[in-house]
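Undergrad: The sequence shown maps to residues 726 to 889 in the numbering used here.
To be clear, the hints were calculated from the coordinates, so they are not data collected in a lab.
Take the hints with a grain of salt, since some may be wrong.
Claimed, not checked - Think about it this way: if two alpha-carbon atoms lie no more than 27 Å apart in a straight line, the pair counts; the simulated DSSO-like pairs of lysine-lysine are:
1) Lys-816 to Lys-846
2) Lys-729 to Lys-846
3) Lys-864 to Lys-846
4) Lys-788 to Lys-816
5) Lys-817 to Lys-749
6) Lys-846 to Lys-862
7) Lys-749 to Lys-862
8) Lys-788 to Lys-846
9) Lys-817 to Lys-729
10) Lys-749 to Lys-822
11) Lys-729 to Lys-816
12) Lys-862 to Lys-788
13) Lys-846 to Lys-815
14) Lys-749 to Lys-846
15) Lys-729 to Lys-822
16) Lys-729 to Lys-788
17) Lys-789 to Lys-846
18) Lys-864 to Lys-788
19) Lys-749 to Lys-788
20) Lys-729 to Lys-815
21) Lys-816 to Lys-749
22) Lys-789 to Lys-729
23) Lys-788 to Lys-815
24) Lys-789 to Lys-864
25) Lys-864 to Lys-729
26) Lys-822 to Lys-846
27) Lys-788 to Lys-817
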Amino acid sequence: MCQKFIITNGSTEFPYLLGALDPKVLDSIAIAPSFEDETEHKKLAAEVLDPPAEHWQRPVIQKKVEAIASNFDRTMEIMPNPVLLAAIPKKKIHIEKQVLANGSETGLWVVEIPPITEQAKSLWIIDGQHRVKGLSKTKSTQSLLPFVLLYSEDDVYRPETLAK
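Could you build all of it, start to finish, from the sequences and the hints given here?
TA: What follows is the structure in structure tokens.
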């Protein structure tokens with residue numbers, strides 16, 4: 726369940742949803758658009774200069790992931806900071822208002838992600854890839870990870886905009 730909000734800039738509406746999810750589930754449905762350690766600078770520059778860019782984040786730093794997992798496995802440690810997600814272009818997710826059995830709307834939205842394979846995840850992690858990876862590796866923590874999901878059926882969130 727999520728709450729939905731809209732930012733209006735000029736005549737364009739930028740909808741986004743706020744929610745929380747188990748980090749292990751989030752890790753299974755989202756991927757950071759990161760380049761590989763071995764990617765040549767020339768290739769990175771060419772991709773950025775010729776949108777849409779598909780890779781713009783740094784690769785995962787395993788030591789950082791392990792430090793987050795270790796830190797948040799401790800008692801009384803919580804992660805209230807949301808991660809920023811976006812639907813990968815051309816990968817549609819389904820969002821609809823929650824309606825009770827009596828027909829009344831709750832103001833909440835249900836987000837459905839189609840079945841996922843490792844190569845076909847539907848969401849990009851725009852900010853927070855280390856938090857997602859680290860918290861998904863915790864053993865004793867059972868908390869939800871807050872998120873902001875940028876999604877528009879009109880595809881207003883373009884990859885070059887997200888990369889900025």
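Undergrad: Please go over all the hints and tell whether each is borne out by the structure.
TA: A quick look at each hint next to the structure:
1. Lys-816 to Lys-846: holds, 9 Å
2. Lys-729 to Lys-846: Given that 27 Å is the threshold and the Cα spacing comes to 22 Å, the pair holds.
3. Lys-864 to Lys-846: Holds: Lys-864 and Lys-846 sit about 24 Å apart, inside 27 Å.
4. Lys-788 to Lys-816: violated, 31 Å
5. Lys-817 to Lys-749: holds, 22 Å
6. Lys-846 to Lys-862: holds, 19 Å
7. Lys-749 to Lys-862: holds, 8 Å
8. Lys-788 to Lys-846: holds, 24 Å
9. Lys-817 to Lys-729: holds, 17 Å
10. Lys-749 to Lys-822: holds, 25 Å
11. Lys-729 to Lys-816: holds, 19 Å
12. Lys-862 to Lys-788: holds, 13 Å
13. Lys-846 to Lys-815: Measuring from Cα to Cα gives roughly 12 Å; hence the hint holds.
14. Lys-749 to Lys-846: The given pair, whose Cα atoms are some 14 Å apart, holds under the 27 Å limit.
15. Lys-729 to Lys-822: holds, 9 Å
16. Lys-729 to Lys-788: Violated. Lys-729 to Lys-788 sits at ~35 Å, over the 27 Å cutoff.
17. Lys-789 to Lys-846: The given pair, whose Cα atoms are some 23 Å apart, holds under the 27 Å limit.
18. Lys-864 to Lys-788: OK: Lys-864 and Lys-788 at ~17 Å, within 27 Å.
19. Lys-749 to Lys-788: With a Cα-Cα distance of about 18 Å, the restraint between Lys-749 and Lys-788 holds, given a limit of 27 Å.
20. Lys-729 to Lys-815: At roughly 21 Å apart (the allowed maximum being 27 Å), Lys-815 and Lys-729 satisfy the hint.
21. Lys-816 to Lys-749: holds, 21 Å
22. Lys-789 to Lys-729: violated, 32 Å
23. Lys-788 to Lys-815: Judged against 27 Å, a Cα distance of about 33 Å means the pair is violated.
24. Lys-789 to Lys-864: The hint holds at about 17 Å.
25. Lys-864 to Lys-729: Violated - the C-alpha atoms of Lys-729 and Lys-864 are around 31 Å apart, more than 27 Å.
26. Lys-822 to Lys-846: holds, 23 Å
27. Lys-788 to Lys-817: violated, 34 Å
Of the numbered hints listed earlier, those contradicted by the structure are 4, 16, 22, 23, 25, 27.
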